[in-house]
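Student: The chain contents come next:
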Amino acid sequence: ELKVEQNPLFLSMQEGKNYTIYCNYSTTSDRLYWYRQDPGKSLESLFVLLSNGAVKQEGRLMASLDTKARLSTLHITAAVHDLSATYFCAVASGTYKYIFGTGTRLKVLA
Amino acid sequence: DTGVSQNPRHKITKRGQNVTFRCDPISEHNRLYWYRQTLGQGPEFLTYFQNEAQLEKSRLLSDRFSAERPKGSFSTLEIQRTEQGDSAMYLCASSYDSYEQYFGPGTRLTVT
Chain A
1 ELKVEQNPLF LSMQEGKNYT IYCNYSTTSD RLYWYRQDPG KSLESLFVLL SNGAVKQEGR
61 LMASLDTKAR LSTLHITAAV HDLSATYFCA VASGTYKYIF GTGTRLKVLA
Chain B
1 DTGVSQNPRH KITKRGQNVT FRCDPISEHN RLYWYRQTLG QGPEFLTYFQ NEAQLEKSRL
61 LSDRFSAERP KGSFSTLEIQ RTEQGDSAMY LCASSYDSYE QYFGPGTRLT VT
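Those protein sequences? They're chains A and B, same order as listed.
For the first sequence, the working numbering assigns the number 1 to the initial residue and increments by one for each residue that follows.
For the second sequence, the working numbering assigns the number 1 to the initial residue and increments by one for each residue that follows.
Hints are supplied without guarantee of correctness; some may be wrong.
Claimed, not checked - List of simulated lysine to any residue pairs, SDA-like, C-alpha gap at most 25 Å:
| hint | chain 1 | residue 1 | chain 2 | residue 2 |
| --- | --- | --- | --- | --- |
| 1 | A | LYS41 | B | LYS71 |
| 2 | A | LYS68 | B | GLU100 |
| 3 | A | LYS107 | A | ASP38 |
| 4 | A | LYS97 | B | GLN54 |
| 5 | A | LYS41 | B | LEU109 |
| 6 | A | LYS41 | B | SER5 |
| 7 | A | LYS97 | B | THR76 |
| 8 | B | LYS57 | A | GLU5 |
| 9 | A | LYS41 | B | ASP63 |
| 10 | A | LYS56 | B | SER73 |
| 11 | A | LYS3 | B | PHE65 |
| 12 | A | LYS3 | B | THR76 |
| 13 | B | LYS57 | A | LYS56 |
| 14 | A | LYS41 | B | THR2 |
| 15 | A | LYS107 | B | SER95 |
| 16 | A | LYS41 | B | ASP86 |
| 17 | A | LYS97 | B | GLU68 |
| 18 | A | LYS41 | B | ALA53 |
| 19 | A | LYS107 | B | GLY40 |
| 20 | A | LYS41 | B | LEU61 |
| 21 | A | LYS97 | B | THR112 |
| 22 | A | LYS97 | B | ASP97 |
| 23 | A | LYS3 | B | THR38 |
| 24 | B | LYS57 | A | SER26 |
| 25 | A | LYS3 | B | GLU56 |
These aren't lab readings, by the way, just hints derived from the structure by calculation.
From a predicted model like this one, the values you see are computed outputs, not experimental measurements.
All chains, full assembly: derive it from the sequences and hints.
Tutor: Here is the structure:
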C-alpha cells in the first residue's frame, strides 16, 4: 500500500531564509499535489505535478517531482511570515484515491 | 460559482446518535471525494464518486459510514451510532475530469 512521508514535520525559520520540504512516497505514482492549510481552515491547492521532472513555481514557492526517486520537493525562497501554515503533499494511488502525507507545519519568524 | 460548500460547519452530538453531513460540489464537477482529518494529521481518504456512482471506498471505513450522491449532484455522508473516535473534520472535495481537487470548508464533528 502506498505510504507518503514528509519531512520535516515541523519547521521554524527566519524571514528571508530558504528551505526545502521533502515528500517521499513508496510506490509508483504519476500524480502529486501540494496543498496549504491554515489553522482551522480547509485545504488550498498549490501545485499539481503530473510528470517526471515537472517544476512549478508560484511566488516564493517552487515544487518539483522526480518520479524515479519517488520524491517531490517544495522549496521556499526568502520566507515571509504569510507563508506560515501546514503544507501537505498528496500522491495518487490508482485512479481515484489520494494518500496525504502527515504535513509539515511551517512557522516563519519575523 | 462560490466553490465547494459543506453543511453544517459544526456538529456536536452524543455518542450513539446518527449524523448526516452534506456537500455541494462546484456545479460542473463530476468527481466528488470525502476525507476525514484528525488534529495534526493529513486528510484520510474515505470515498469517491464519479457522477452518482460510488467507485471507491476506503477499507478503513466501517459499516457505520455510508455516502450517497443522488443524481450526481450534492452528496451526503451519514455516520450511524457515532463513537467518540469519529470526532474529526470531515472534508469534501470535487474536481472535473482533472487532477486538481477543490476542497470545501469542512464539517467539524464532536462526539460527546
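Student: Is it true that the CA of A/LYS3 sits at most 25 Å from the CA of B/THR38?
Tutor: 18 Å, holds
Student: Just to be careful, I want the Cα atoms of A/LYS107 and A/ASP38 compared with a cutoff of 25 Å; is the pair within it?
Tutor: 11 Å, holds
Student: Check the hint pairing A/LYS41 with B/THR2 against an upper bound of 25 Å on the C-alpha distance.
Tutor: Measuring from Cα to Cα gives roughly 16 Å; hence the hint holds.
Student: Taken at face value, is the distance from the CA of B/SER95 to the CA of A/LYS107 at most 25 Å?
Tutor: 30 Å, violated
Student: If you draw a straight line from the CA of A/LYS56 to the CA of B/SER73, is it 25 Å or shorter?
Tutor: 32 Å, violated
Student: Does the alpha-carbon distance linking A/LYS41 and B/SER5 stay inside the 25 Å limit?
Tutor: Distance of about 13 Å is within 25 Å: holds.
Student: Take the C-alpha atoms of A/LYS97 and B/GLN54, compute the straight-line distance between them, and say whether it is at most 25 Å.
Tutor: Holds, at about 12 Å.
Student: Is it true that the CA of A/LYS97 sits at most 25 Å from the CA of B/THR76?
Tutor: 19 Å, holds
Student: Is the Cα-Cα distance between A/LYS3 and B/GLU56 25 Å or less?
Tutor: 18 Å, holds
Student: Holds or violated: A/LYS41 with B/ALA53, Cα cutoff 25 Å?
Tutor: Violated, because 29 Å separates the two Cα atoms, which is more than 25 Å.
Student: With a cut-off of 25 Å on the C-alpha distance, tell me whether B/LYS57 and A/LYS56 pass.
Tutor: Outside the cut-off at roughly 32 Å; violated.
Student: Given the hint that A/LYS97 pairs with B/THR112, does the C-alpha gap stay at or below 25 Å?
Tutor: The given pair, whose Cα atoms are some 31 Å apart, is violated under the 25 Å limit.
In terms of the numbered hints stated before, the structure departs from hints 1, 9, 10, 12, 13, 15, 18 and 21, listed from lowest to highest.
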